[in-house]
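Participant: Next come the chains, spelled out residue by residue.
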Amino acid sequence: MTLLTMIVKLAEGLGKTCAIFFLTLLFSLPLGMVVALLRMSKNRIVSGVTRFIISILRGTPLMLQLLAVTYGPYYLFGAGVARNKLIPVVVAFAINYAAYFAEIYRGGIESIPVGQYEAAEVLGYTRLQTFVRIILPQVIKRILPSITNEVVTLVKDTSMAFTVSYQEMFTIGKQIANSQTSFTPFLVAGVFYYVFNGVVDFAMGRIEKRLNYYQ
Amino acid sequence: MKRVFAFVLALAMVCCLAACGSKDNASSVDEEKVTFTMGVDPEYPPFSYLGDNGQYTGFDVEVCAAACELLGWDFQVFAVNWDEKLIQLDAGECDCVWSGMTILDSMKEAGYVISEPYYDNTQVLLVKEGSDITSSADLAGKRVAVMLGTSGEAMLADDLADLAASFDDLIICNSFLSCFTELGGGSVDAVFVDLPVAAAYAAQNPGFNVINEALGAEQYGIAFRSGDQALCDAIEGAVAELVSNGTYAEIAAKYPDISPDNLVFLNK
Amino acid sequence: MKIMELTHVKKSFADATLHVLKDISLSVEKGEVVAIIGPSGSGKSTLLRCATLLTDMDAGELCYDGIFAAKNDENGRAVYADKATLKQVRGKFGLVFQNFNLFPHYSVLKNLTDAQIHVLGRSKEEAEHRARALLDKMGLGDRGSAYPCELSGGQQQRVAIARALAMDPEILFFDEPTSALDPELTGEILKVIRALADEHMTMVIVTHEMAFAREVADRVIFMSGGVIVEEGPARQVMDDPKEERTRQFLRNYQR
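Chains as they are written, first to last, in numbering that gives the first Met the number 0: chain A, 0 to 214; chain B, 0 to 267; chain C, 0 to 254.
Because the hints were derived from the structure by calculation, they are not lab data. Among the hints, a few may not be true.
Away from chain B, derived, C-beta distances all over 12 Å, residues of chain A [stated by the list, open to error]:
no., residue
1, 137
2, 153
3, 155
DEER-style ranges, computed between Cβ atoms [to be verified]:
no., chain 1, residue 1, chain 2, residue 2, range
4, A, 200, B, 228, 46 to 52 Å
5, C, 183, A, 111, 27 to 33 Å
6, B, 168, A, 76, 21 to 27 Å
7, B, 128, A, 130, 56 to 62 Å
8, A, 200, B, 232, 51 to 57 Å
9, B, 265, A, 51, 54 to 60 Å
10, A, 75, B, 51, 21 to 27 Å
If you want the ones that stay clear, here's a sample from chain A, every Cβ over 12 Å from chain B, calculated [to be verified]:
no., residue
11, 25
12, 28
13, 40
14, 147
15, 196
Ideal Cβ positions, reconstructed from N, Cα and C, are used throughout, including at glycine.
For reference, chain A alone in the conformation it holds in the complex:
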């Protein structure tokens, strides 16, 4: 196999890696906010249950969660295994990352001084307006570096989709490496991941810069 064929094959896998990446962010970023708000609920039961679920999601390996989401229903109820693995993979990733994002959001929201809420209340903003117009923009700016960290980790974590036989880039890299008895595909895959993360870093850096108009 020539290096070019290898790169073409890996690039096909890169498409699937991107699918996991973007779909996970699409679902987990908003879901994380919902989880964060439940976690901060004044209702003790709601916040307690949410806290417990978050601790499970953060305290067990993502690989295990992938297996549980994909094969769990079969072992527990004899249900069928999904043919399109992108669905269970994105479900598992989105839930797992939502738990991490929720804790980041919570930290961000709790770091906003109470005076901001009071100023908004006195000016007559509703609770929703206060959150959307006053609190959230400040939270986003504060948490962006932590979000960037998670997003970079996500790029690398996509390779775990192999656990449930989803043919993303790293899986294909392993297959080529195996049939060719060669280490080269891993190097190529490594370069792909590095470049991917470079793009992510650049994009997040631009966003951070745009939010730097105030301190």
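Following the hints, put chains B and C in place on chain A, whose structure we already have.
Facilitator: Then chains B and C, alone, in the frame of chain A:
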């Protein structure tokens, strides 16, 4: 700056050489008390697997243990990551790969020392009971699972590429259990797998059938690092003695899923 | 005409034994400037927070312009009005905080216009027109596009005052508006408040600036230990207090 870099590089190389050297010594036949580390796939029953007592066991493991005892060597088992087994062998994490490993031409071309074949293997299809698949001819338009790094996967990419092309999709899984789970869960219609593995799984789990059609013949052997010909010879000599004193047949008798007809040394 | 009236306010925190406000009543006439003085922990700020709905009273009644924000029930517990009424009440007053509490992610101009647009429903043009007029008045006409972090403390507090005024409140509360400022910056804030007093803006000011209170306020209230110890015309309370506690407090301050 350049000089610092050169120094670091030199240091790194020295460390590498030192590491290689020590590993070479460990596997050298000249040592008085040799520790021989066998690299196995820990999930490949009946050749190598985690036994009920928490120790690695299996046909290959028992043969290797007996051979080491004969040679007076310390015997150890190291669980490799199957699709990285040769990298791990090169890295010195084990002294051989011996675990129902199919001999591939590419291994010889890459310079690995490969033992005489000891087992004639065939690939078969495992299907769910009541499946309408009765032979490989029925696989057109079906979804088939195969485990990454097995000879089955290599065959479907090479000798049996035409067959693979008739599939609706070929799903490459990272463990046998994952393959079988996909089959049980209905996301694939058949698993392309080594006969003894399929037989062992179907024997333990009702609801699965092995289709009696030998797909592609292949042979199992033991892989050593290039340059370890002496080590290979020592092991082969010890195994030959086990065959002649009957121990080999005794061990084989413990594993009903391994047909004596397929064991090369018992048919000479 | 009374703009705001607080009657028999009681408030205690945490273990209910610490009474911060013990049966306090306060009403403010239109155009009146009231200064509240007293040692720290006397309940001045809590009273202000009760008046601006930031803290719920345990008992007592609060009424703005004839609209009740809270009334006592038959057990003497304060019951607050529904959301719509409270929203109406919040439109009556403004509050200037000790720590300004400007919105750091908004420019000075947006700090002044955002609530006008999204709470009062004014058009962008109208809101900006009003905001620019107020900034000119505060001597900050050229800082509209700046962000709060680029301004001095005194400038930030002037923006905060303008933000409150932009909502056209009928009464403006100040919670120690100069306490977070360096001494050399307090003058500019006091000047602004003095100018508002000259325009007959109704104001209630919690302050430690005694000379300022004496000069600007129509009425001075001296609070201590959760009660109003003495109140009356500014000069009378400040120059010739009747109560021994007031005298002692003022003596400490003059030293």
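Participant: For each hint, tell me whether it holds in the structure or not.
Facilitator: Here is how each hint holds up against the structure:
No beta-carbon of chain B is positioned within 12 Å of the beta-carbon of residue 137/A; the least distance is around 44 Å. At the 12 Å boundary, the C-beta of residue 153/A stays outside the reach of chain B, the nearest C-beta of that chain being 20 Å off. No beta-carbon of chain B is positioned within 12 Å of the beta-carbon of residue 155/A; the least distance is around 17 Å. Checked against the given bound of 46 to 52 Å, the beta carbons of residue 200/A and residue 228/B, roughly 49 Å apart, stay inside it.
With their beta carbons about 30 Å apart, residue 183/C and residue 111/A fall inside the hinted range of 27 to 33 Å. A hinted range of 21 to 27 Å holds for the C-beta pair residue 168/B and residue 76/A, which are about 25 Å apart. A beta carbon spacing of about 57 Å between residue 128/B and residue 130/A agrees with the range 56 to 62 Å that was offered as a hint. Roughly 54 Å separates the CB atoms of residue 200/A and residue 232/B, a value that falls within the hinted 51 to 57 Å.
With their beta carbons about 58 Å apart, residue 265/B and residue 51/A fall inside the hinted range of 54 to 60 Å. Separated by about 25 Å at the C-beta atoms, residue 75/A and residue 51/B satisfy the suggested range of 21 to 27 Å. Look at residue 25/A: its CB is around 25 Å from the nearest CB on chain B, clear of 12 Å, so calling it non-interface holds up. Residue placement check: residue 28/A keeps its beta carbon more than 12 Å from all beta carbons of chain B (closest about 29 Å).
Separation of residue 40/A from chain B is adequate, the least Cβ-Cβ distance of about 37 Å exceeding the 12 Å criterion. For residue 147/A, the shortest C-beta to C-beta distance to chain B comes to about 30 Å, beyond the 12 Å cut-off, and the non-interface label holds. With a closest Cβ-Cβ approach of about 23 Å to chain B, residue 196/A is found to remain outside the 12 Å limit, as its non-interface label requires.
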